[in-house]
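Q: With the hints as constraints, model all of the structure from the sequences given.
One line per chain: the protein sequences are A and B, in this order. Heads up, the first sequence is in our numbering, so the first residue is 1 and it goes up one at a time. Heads up, the second sequence is in our numbering, so the first residue is 563 and it goes up one at a time.
Just so you know, these hints were derived from the structure itself, not from any lab. Any given hint could be a false lead.
Claimed, not checked - Heads up, incomplete: computed chain B residues facing chain A, CB under 7 Å, no partners named: (1) I594; (2) F598; (3) T610; (4) P613.
Said to hold, decoys possible - Just the calculated beta-carbon pair ranges, DEER-fashion: (5) B/T749 x A/V328: 25 to 33 Å; (6) A/L244 x B/R725: 42 to 50 Å; (7) B/A643 x A/H508: 56 to 64 Å; (8) A/F166 x B/A643: 53 to 61 Å; (9) A/Y533 x B/W574: 39 to 47 Å.
Note that CB positions come from ideal geometry on N, CA and C, so glycine has one too.
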Amino acid sequence: MADQAFPIPGSLDATPSRGAALLEWLHSWVVTVDHKKLGILYIVYALFFLLVGGAEALAIRIQLVIANNHFVSPELYNELFTMHGTTMVFLVGMPILFGFANYLVPLMIGARDMAFPRLNAFSFWMTAFGGLFLYFSFIGGFGLYGMGSAPDVGWFAYAPLTAQAFSPGHNTDYWALALIVSGFGTLGTAINIVATIISMRCRGMTLLRMPLFAWLMLVVSGLTLITITPLTAAQIMLLIDRYLGGHFFDTQAGGSAVVWIHFFWIFGHPEVYVLVLPAFAIANEIIPTFSRKAIFGYPAMVAASVGIAFVSVSVWAHHMFTVGMTSVSNAFFVLSTMMVGIPTGIKIFNWIATMWGGRIRFATPMLFCTAFVFQFLIAGLTGIMLSVAPLDWQLHNSYFVIAHFHYVLVGAIIFCIFAAIYYWYPKATGRVLSEKLGKWHFWLFFFGFHLTFDTMHFVGFLGMPRSIYTYEADRGWSTLNFWISMGGLIQAIAVLIFAWNLIDSYLHGKEAGNDPWDAWTLEWSTPSPPPAYNFAEDPVVRSRRPLWDLKHPQDPDWKYER
Amino acid sequence: MSTIPIFADENWRLPSRGRVGMFSLIIGESAIFTIFVVAYVYYIGRSTYGPTPQILSIPIFNTICLLSSSLTVWMAEHAIARGRIRVFGVWWALTMTLGIIFLVGTAKEWARLIGHEGLTIRTNLFGTTFYSLVGLHATHVVVGLIMLSLVMLFTLLGRVGQRHAERIQVLSLYWHFVDAVWVVVFTVVYLLGR
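A: Right under this line is the structure:
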């Protein structure tokens with residue numbers, strides 16, 4: 001280190017100039033292997049792309065706000081919805097959840113860092129490079145004419161549209177290569193989280209004393225290992241087809257486009273659970289804290305999470321009822337999809353039972369989590385509707401499906417992510433986010449969300465297909481589309497308030513102290529923000545709520561837990 | 563209260579993170595191979611033109627070499643666990659030699675297929691699936707050999723000792739995995755698919 005050409009010259013007593021100090025600060029973030037810094041990097045990276053992906057969604061909504069609109073060109077419209085989907089899943093959903101896992105898992109299990117800190121940094125920078133590479137497509141490839149060569153084949157990139165003949169240029173290559181690169185980063189982080197949780201727990205932290213957050217992250221990371229890799233494999237096949245003249249998805253040579261659909265959804269459906277299980281993890285921590293009760297049915301929650309992971313790998317073809325499978329496969333995937341309802345139902349009942357009889361404090365994190373429980377219920381119910389093959393034949397690729405999965409992705413996951421940021425921001429920065437702005441954020445976002453996505457179900461029933469560039473005025477979709485777009489606008493305003501809250505509270509927020517919410521997991525025993533080494537001495541744990549034991553020595557949990 | 567063992571976990575021991583990490587990697591890699599194997603199996607006999615799998619000859623010598631390298635690497639693990647660095651180096655070098663023989667054998671096979679049978683990755687669907695599956699495995703052998711040769715280099719420089727036994731074992735897990743995958747690839751490509 002000492003002989004590096006890094007710009008901190010001079011003797012020890014010389015105060016470095018502002019520029020040098022800034023450079024050193026930036027340098028410390030680039031070379032860091034600290035799980036907390038990497039976690040923050042992941043989250044900041046994801047929030048940045050949340051704004052980008054949100055802007056793309058707004059452009060889509062402006063295009064659809066009235067019939068026969070020409071706000072963007074049809075080519076750009078294809079790029080917008082492709083990039084919106086790809087961004088939100090791969091550059092927002094996965095990184096932000098891994099960011100929280102990175103930041104919180106070692107703190108919660110009483111470890112000083114992840115199992116492989118350098119692999120951790122490597123994974124983050126792979127992910128970051130993948131995201132930047134994907135967005136380089138707007139200016140790279142065949143240049144800036146038109147709107148560059150951003151991917152325009154839909155986020156699921158169905159064959160044969162991705163074949164060299166139908167997708168000339170580099171649009172599809174950007175999609176495949178960027179996701180392969182960030183996929184390796186994801187794989188590295190998943191390996192790291194599994195190894196951390198299995199091998200780095202502090203003394204006394206048995207598996208059944210782990211916070212549910214850590215349990216779900218273990219399940220998610222295990223699921224990621226077998227989820228992201230099939231996508232990587234399929235994308236390698238796609239690149240072989242495109243660049244080495246292969247025939248995997250080339251129907252004229254005996255290949256099959258349907259095989260791509262299978263491979264994509266073998267990744268794509270478990271991916272939904274990779275995204276939503278961390279949302280459950282967040283709710284599992286926040287709901288008990290703000291209900292002032294221990295989580296109801298801890299073992300059932302663990303079992304349900306593992307159950308969801310198992311069931312989720314056998315449901316992929318419910319995305320394919322309209323492809324034309326045999327009735328036996330249709331029946332199998334109808335039933336397996338409905339089975340997902342059992343473990344998720346257990347979870348919803350457990351959250352409600354946790355709140356039941358609790359002394360609920362409706363701080364902003366709890367507001368988001370409460371909304372999450374009910375929105376996730378509705379998302380699950382429309383999911384059961386869509387799992388019925390005959391109904392799916394009617395509704396497939398309509399806005400009803402869009403509404404359904406946005407209810408999961410926004411109504412459940414984004415709501416929980418907001419809750420998590422309000423909940424753990426004090427830990428990471430030492431300042432509490434403004435409750436007043438938080439309430440504004442919640443209510444505006446809640447209202448905007450329902451205006452947009454409730455309405456979307458109906459426009460789907462009326463037959464509006466997904467991904468269409470525009471529609472005729474006499475279809476009867478105009479009014480509904482107008483309100484959907486207005487809801488999007490309201491959500492955008494709420495997100496801007498949130499962004500302002502993040503900045504303003506960082507500078508002027510109330511001091512948080514170690515434990516602003518009177519919570520029970522180990523991360524709240526450390527200072528805010530925690531020191532680089534996390535714990536001055538390795539903690540010893542005797543129950544699921546170590547801080548409760550500490551705060552109530554006369555009535556500790558370990559008296560009752562077995 | 564006294565029934566609760568407070569520090570019953572005097573010997574608080576958790577699995578080694580290296581092993582857990584490597585096993586996780588192996589699970590992920592298995593998923594990649596599964597997709598390629600499924601594609602291979604699904605596309606057997608679906609080529610509409612060109613050479614068929616009947617042109618393949620069974621690489622018995624190759625297979626014997628690769629599978630016995632699992633044995634030699636296991637002997638190397640044992641040697642280093644007992645601190646016999648010289649013996650370790652010999653077994654390790656033997657493992658590498660067997661791996662290289664396997665690669666040379668694959669190269670000869672491919673040269674024959676490309677030169678005499680006219681089968682390339684773009685010839686037909688069989689060529690695409692064959693070269694990508696066998697090539698994916700060969701890529702893993704190459705990666706394994708790179709890691710093995712790094713350890714070999716450090717051994718020759720005298721930097722490897724008994725304290726590295728666990729790391730060597732973790733690395734060997736990867737090599738065992740590459741061998742195990744070959745059993746699957748061999749069965750699917752050369753026995754069932756021919």
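Q: Determine which of the earlier numbered hints do not hold for this structure and return their numbers in increasing order.
A: 4 and 9
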